[in-house]
Amino acid sequence: MKTFRLFSLLCAAILGMIFVSCKAAEEPNRGKGGGTNTSQTKLPDNIDFKSESSSKTIQVGDLPQGWRAQSDQSWCSAKPQGKILIVEVQTNDDTEIRQAKLTISSSAGEKYINVRQLGTAPAILVDKQIFTIPASGGPIDFVITTNTQIEVKLPEWVKSPSELKAMRKESHSYVALSHTGESNRVAKIEIVQKGVADASKAVRAFISLTQLGAKDYVAGSTESLSDDEQIKVVSGQASSFQPNGGEIEKSFDGDMNTLYHSNWTNTGKNYFPITLTYNFAELSDVDYLVYYPRTSGQNGNFKEVDIEVSQDGVNFEKLVSKDFGGSSQPTRVIFDRRLQAKSFRFIVRSGAGDGQGFASCAEMMFFKRSSKSFDYKTLFADDLCTTLRSDITDAKIAQCTDPFFRNLAFFIKQGKYNQEFRVASFKPYLHPNVMATRNKTNPYSLLDNPTGISVKKGEDLIVFVEDTHGFEGLSLRVQNLDKPGGDGFGGEYYPLYKGMNKLKMRSPGLAYVMYHTMDEAQLASLHPLRMHFATGTVNGYYNSQDPKLSGRWKELLGKATDKYFDVLGKYAHLTFETANFRNYTPEGRDITNTYDSIVRNEWVLHGYYKYNCTPKNRMYLHVMYHAFMYATWYHTAYEVGTAKDILDPAKMRNPLSQGAAWGPSHEIGHMNQIRPGLLWHGMTECTVNIPSEYITTYVFKQPSRLQDERMGDGNNRYSLAFSHIIAGETPFCTAGSTNIKDGIPQGVDVFKQLVPFWQLELYFGRVLGNSPRLNKDAVSGFYPDLYEYFRRHNSPETPGTQQAEFAYAASKVAGRDLTRYFERWGFFRAVNTTIDDYGKRPFVLTDVEAHAVKNRIASLKLQNIEDLALEYITDDNAYLYKDKPSIIEGNKPSISSQSVKITGWKNVVAFEVYNAQGKLIFVADATYPKDGETHFYLSSPWVKGNTIKAVSAGNIRVIVPAN
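According to mature numbering (1 follows the signal peptide of the UniProt record, and there is no 0), the residues represented by the sequence shown are -24 to -1, 1 to 939, in order.
Bear in mind the hints are in silico, worked out from the structure with no lab data behind them.
Fair warning: there could be bad hints in the mix.
As a list, the in silico BS3-like pairs of lysine-lysine whose alpha-carbon atoms are at most 25 Å apart [what the hints assert, rightly or not]:
no.	residue 1	residue 2
1	LYS586	LYS752
2	LYS620	LYS677
3	LYS592	LYS416
4	LYS348	LYS208
5	LYS344	LYS59
Work out the full structure, taking the sequences as your base and the hints as a guide.
Shown next as structure tokens:
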């Protein structure tokens, strides 16, 4: 049956003016999202029949092939035929209405349709009983099936076009006028039987109407916005693929989570080029293609590619050579003319990954532009659709046949379209991989451009983009962190182009603009791009650097509707649960200042400021649900239970305790670890704590973990390190571990290993003043210079030689011969073992290799510091190393079994314990605790003949009488 749409004529009659329709654009729609075809299956809720036998044909849309239809009543049958459903009913001789249920089954699931048939008694059936209408107004179309004379009674704000054009009895079209009030208004359409003497006995049916108020913008329907046509790939071939999962068919199966991958063995000389061919069923018009890289990881992302086309699948001609740059973002390749093609061929000459690299593809899609695009310039003065043309009146808006643009224009005309977050400018950023490669670190954030827009799965996101001036790498990323038992970092990518982009959301989440370049010269020529997000929900975000947002923490957080909220500072970006920000973070500026301070001071420590190599992106921190904390490419992640501590600025900065700052400082430190200079195998969880100690003790003035934490045996971490590595004469890589299982040292203590690294800062930084915290320029220091050394110099190949090389680099940067210091800490001790540090790897250092490094240090002819007990410097005794005062003797020790208490001794940095044979067996930090009494616990009971010696900063030893 046909429904008459008289909306345009009605508007002209009501408003007393000549109708001017909104026309279709002459040019095809610009900037479609390049995603999958978004046409959907639309099945009616009800199909109604009169009492006599008849049939109706229903369009079923894009149901998967092989769909089925089944009726639960014998009088009603359903027959699938391609994309239509034929429903037939037999004559109903009963007086009452009867019903049947149709079940439509397919691989996508089941859907249901009610079939209703009139009997012989008077009755009224309406196919739709509930309408929700936008404030801008719009059509109200429904079908009445009846066997009696009826009258339709309308509310005053719904108008009938019946006086303008005759309608078929069963089809009814009306229009709701625009509503400028802020509250919703409700009404009913009553359909009543005519000619009944007793009106109370007349048959009636009702349709409920709710028209939304114009207080808050609600996007109009996007169904009428045309989609570009995706051309189906029916077959493909690959010259190289990984069997059992990496075949080329995975790149045109409609699933972004599967992918084509070239063979994993890529050592052959002729591995590249790799040829990928995609075939259509027939010769087809094609305007552009979209290459979707894999959704996680980097291996195989296209770099240099030649693209060829064929009209017969046999003979190919070259179209273009393109460098995809190994990007993880989808890329649309637009042809300079509409092509007729049966096949496309991609000659992949290089790709991202280890060794020679690989080739991979999540989806390869081909499109023909729609010719039915709406010409929004008939209403709007700008390409972003933010300003109406000067000649646009309420009447012209009412006449617009497109519900989406009519609604948008209505709210703008009424002055009720809040553009905050919906219309914004987005900066170009250098891709974080550039600085990460230069600095030998992990790359920082990709999400510096939050939109403040939240989307739902399945909705159409309409994004208008201004002229990109030829930039091709623009895209949108939608990230949903809500992954119970896991990490939701990542998300779905959608390419963006100039003009209107209609993007079908494959998942819910927050949206981010991806506007990156790998080319610093190009970055200088790029300009911020304005965009308009006309659909989606405004969630907002906080940015302490934006004057328009910085003082509005409670307001913005209070308005947030998504489970997650973005909080940005100058150097850090946090995305955590909205509720946790509300519960634990009193003021946004406090939390951004806290994390900005951590990030900036780590940059200072690593020499980024001194050597002009600061990352160009923020540090990204976000919530997850399956571990404690960790760091990896582009982000650091924190289990939701940590929010009560790490989102509370007071706990983070508390100077009276070690606070909560250690964890985030540690994870951010992982991002800055220079590899392999300070990240040789075995050091992953050790050298990362250099910035943790720096931030907590220097920046936040908190107690040192090495100094104050009393461990299981009662000693602090310094004493454990002194005893287990120095006194134990063990290789540094084993940190004094004596438990060997399957040839691997167990329980290697990264805090013991941290001690010599932190001691270098205590002496060269705190004592000699060569620290950013003490230098006048606030950026120079021992560690900034040491990190720069490793950025500029290549390290040896093996972990053992890399460890020894650190001693050379530290000596050279310090201008001191540190051979004795590193000998005592076991850096030069020969070792042949296996270290398990996120993977097992041999750790070998020979005497020959160690001597070679020591000889290189000697050849530098640096100042000797053998008159300095540098190996015993701690946070509390560092002041003694400036003047190296002589020891002042005190009382005899009190010794009971393994417990030793010494009082009255001054200017002592450590107490060494020797056995009767004169071998050093234990070393205690002399300044622990701080009440004038040094109390430590030996690893075994005191034995007659043992000796204690007090050690000064000047490396002088005085015997402590013990008997």
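Status of each hint after checking the structure:
no.	hint	result
1	LYS586 x LYS752	12 Å, holds
2	LYS620 x LYS677	21 Å, holds
3	LYS592 x LYS416	15 Å, holds
4	LYS348 x LYS208	20 Å, holds
5	LYS344 x LYS59	22 Å, holds
Checked against the numbered hints above, the structure breaks none of them.
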